[in-house]
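Start from the sequences and build out the full structure, keeping to the hints where you can.
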Amino acid sequence: MTFIVRMGLIGLLLWVQSQDTSKAGTELLAFDLNEMPADVISRFGRPDTVDDSLPNYRSWFFKRGAQDEHDFGYILCFRRSDDKLVSVTRNFEPEVLVDHLFPEGSFSVRYWPSDQNPQFGVRIRALSRGRLLLAMGCDKEGMPCGQLVLVHSSVVPVFFPWLDR
Amino acid sequence: MRFALPERTRLLQGQLVDLVVEIRNASAISGFKVTLGGADITARFGFPQPAPLDCDGGSHLVVRANLQSIDSPGSVVLQAEATAGGARISDSRTIEVRPFNISARRNVILFIGDAMGTAYRDAARLVAKATVDSSGKNSFRQGFFDELLEMDKMPVSGHVMTYGSDSVIPDSANTGTAWASGNKSYLNAVNSFADGTDCRWRFNGAANATTLPYILDNPRVENLWQYLKRRFGYRTGIVTTADVTDATPAVEGSYSGYRQTRFEIARQYIENPLLGGQPAFDVIMGGGIDQFFPAARPDGRNLIAEFQALGFQYVTNATDLEKVRPATGVNLLGLFKGNAKPASNSARLAAADSNMDVAYDKLLLARPASEPLPDFGGFTDQPMLDRMTAKAIEFLSGGITTPFGSSSAPFILMVEGASIDKQSHPNNASGTIWDTIELDRAVGVARAWAASRGDTLIVVTADHDQSMSIIGVSNVPDTEYFDHGRKQDFSLTSARGEQGFTVFGDSYANTRASLPFINSSDSTANRSGVNGMPASFPSTVTPADPYSDTYSTYFGTPGYPKDTKSGYPVNSAQPGQMLRRLAVGFRTGDHTGSSVPVTAEGPGAFLFTGYMDQTDLFFKMAIALNGNTADGDKLINDILKRYPATVGK
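Protein sequence lines, in the order shown, are assigned to chains Y and B. If you number the first sequence the way this note's numbering does, the last residue is 165 and the count never jumps. If you number the second sequence the way this note's numbering does, the last residue is 1649 and the count never jumps.
Since the hints were derived computationally from the structure, they do not count as laboratory data. For glycine and all other residues, C-beta sits at the position ideal for the given N, C-alpha and C. Take every hint as true, because none was put in to throw you off.
With a straight-line Cα cutoff of 25 Å, these simulated SDA-like cross-link-like pairs (lysine to any residue) come out:
id, chain 1, residue 1, chain 2, residue 2
1, Y, Lys63, B, Ala1119
2, Y, Lys84, B, Trp1201
3, Y, Lys63, B, Gly1500
4, Y, Lys63, B, Ser1491
5, Y, Lys63, B, Thr1493
6, Y, Lys23, Y, Pro144
7, Y, Lys84, B, Asp1166
8, Y, Lys63, B, Arg1587
9, Y, Lys63, B, Arg1348
10, Y, Lys140, B, Pro1298
11, Y, Lys84, B, Gly1057
12, Y, Lys63, B, Val1168
13, Y, Lys63, B, Thr1502
14, Y, Lys23, B, Gly1500
15, Y, Lys63, B, Ala1209
16, Y, Lys63, B, Tyr1163
17, Y, Lys63, B, Trp1201
18, B, Lys1649, B, Ile1470
Here are the in silico distance ranges between beta carbons for each label pair:
id, chain 1, residue 1, chain 2, residue 2, range
19, B, Gly1058, Y, Ser128, 25 to 35 Å
20, B, Gly1627, Y, Asp82, 51 to 61 Å
21, B, Thr1380, Y, Ser128, 50 to 60 Å
22, B, Glu1096, Y, Pro118, 43 to 53 Å
23, Y, Glu141, B, Thr1380, 35 to 45 Å
24, Y, Thr26, B, Asp1320, 47 to 57 Å
Taking beta-carbon pairs under 10 Å as the criterion, some of the chain B residues facing chain Y (in silico):
id, residue
25, Ile1169
26, Arg1202
27, Asn1204
28, Gly1205
29, Ala1207
30, Pro1298
31, Ser1346
If you want it as structure tokens, here you go:
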């Protein structure tokens, strides 16, 4: 097989993968929310931007190419007291389907400001080791989603107090 | 205790700002006192309110005095103190207050080329001003241009440092905050400072409807557009090729901790919080219908109908724009692009961007291989930026007839070439270069209008730089340059994962991000020797070909022809010829931290010399409006008369 043909096949495979949104966000499940900064650097490289202006948390921002014109593709938040990762936010622009991450029966739905007055809904899937996966604003199956958040349940009261109520 | 104000807060006399005191680890305080220049202003503050500062679950308080101003110029000490838990706590800021008063009727027209760093201006010049006429003569010969860009012809220039408060690499929101309000802030901030509740949305990216109160509670600082309208009756306008709620236009008419709160920004355009609920602008033009439309807005409001009820003429295409005329009490709302898409599910803060199409597509030029084909989405009659600029000036200037005669209110207008940046993010060289040319033609409209008046300051600059650089010239045959099927995908697998990239047939002229120069052309003549890259500028003047000593006529490959109807350069070769194009490279698809050029003309233009901080632009525009610029203006005129002019100016 010539080099050109081989590269063409690899390119085709990459193109097919890039068009396949059925796996969008699955990489979040690989985070234990126990990682230290060095673990993240070995997996993701160094962040594009760091915000350490908060006394208790430090955020790392990663861009993912031209799509990230408005928001960063990944936002990783560490707790300063033990330097452990507490949340990973994945932004999609444009929005994608994330139903594969929320199999039937695996999640609950919460509404803001209340169930009686639903203006914003979140699908919540409880994972192992105290992790929660949130589909922000996408409470129903088939709704394109622009943001997934993997968050440790210990910081939900401070980051998402309305979910803790 | 701390004031949520930057260390170096600078204000104009009378400029509004929210004074916010954050008190951590306290559930109650006593003896709260705030002084300003020694005077007790405690009564201006409300009661302490609990606030989730720093997201640490602790008890914290915030005390606010919204929309305050300082009337005495000079350095003023703002001091707060209180007793909490038996201890006396305090904080202070020294605020620099600059004097301001209108002593002459002067207009300001500010042009922002979004991401228009030095290379972008140079590229626009090398394409627009190196065209070949019908006799084969190139307007760029032996290193000189017959005519420079409009922005090149302006007599004063300087450099602007664009750093944000939290990043060397800024975005359009915090850079806009710098030149619109005179103060630095963080990425994504629109005329707002950071505060302790940003942890609810900024540190985990959860900016959405549930966190909107924490996005909008950031301390606000008044921009020059509202300041001049509120205090001196200025007419105000924004013209952009972006969605009109995008960051650069947003900083003239709204206040938000996060630029993507587009629905709120549109609301503030019609009921501006610093203007007592009155509209922020007299003229609004650009894309972005959806942010105003009830089908997309969560509140169901039809802001377009509300603007019309307030006397705004509403137009949606270039043909109608040419027909509208200013009349008594009539202002202008022109929205030329929409998506008809609902708000994004995950934020509920904005509809999808609906930026106007870029100049390259509006001119119906063929897109090179690596650039996407246009999608007008039914909006096929969009105006060019120079026509929008002309109409804005017509509406904002003396075209208004009032019962007392022609309006004498001066105006301040911002005109943005938005897609210089938006096309640079995906490395679309043609898209970005032609948009820079489009902006320059709009500058020409303003210069022509202002030339004989002597009362209008024109400033042309960028909000930040982008990564394009000029790497030479290329002569790719059109058959390769425009072939969208001609591309090759590559991938690199490493411990960091897989990285993929694509090389397109036009890469010889438009090198993609992060790649070394790649000669993808099949044409043997392009691959090596004097024909190869980069930057062959041969001197081969012969009697038979007296104009061949420029890059664009070398070896029978002429430069850009000019379309006689539109006046724009054309990016395709004549039959039987091969165009010699400018070649550019993109190191990344993102902003850079390099300084950007600024050029100025008109009263007070001399202020825009040397290296300056971006916040200085705000104060320099203000000083120019003070009218005390006669000596400096005379000096510039003397220099222009006495010293050699640059060829082409």
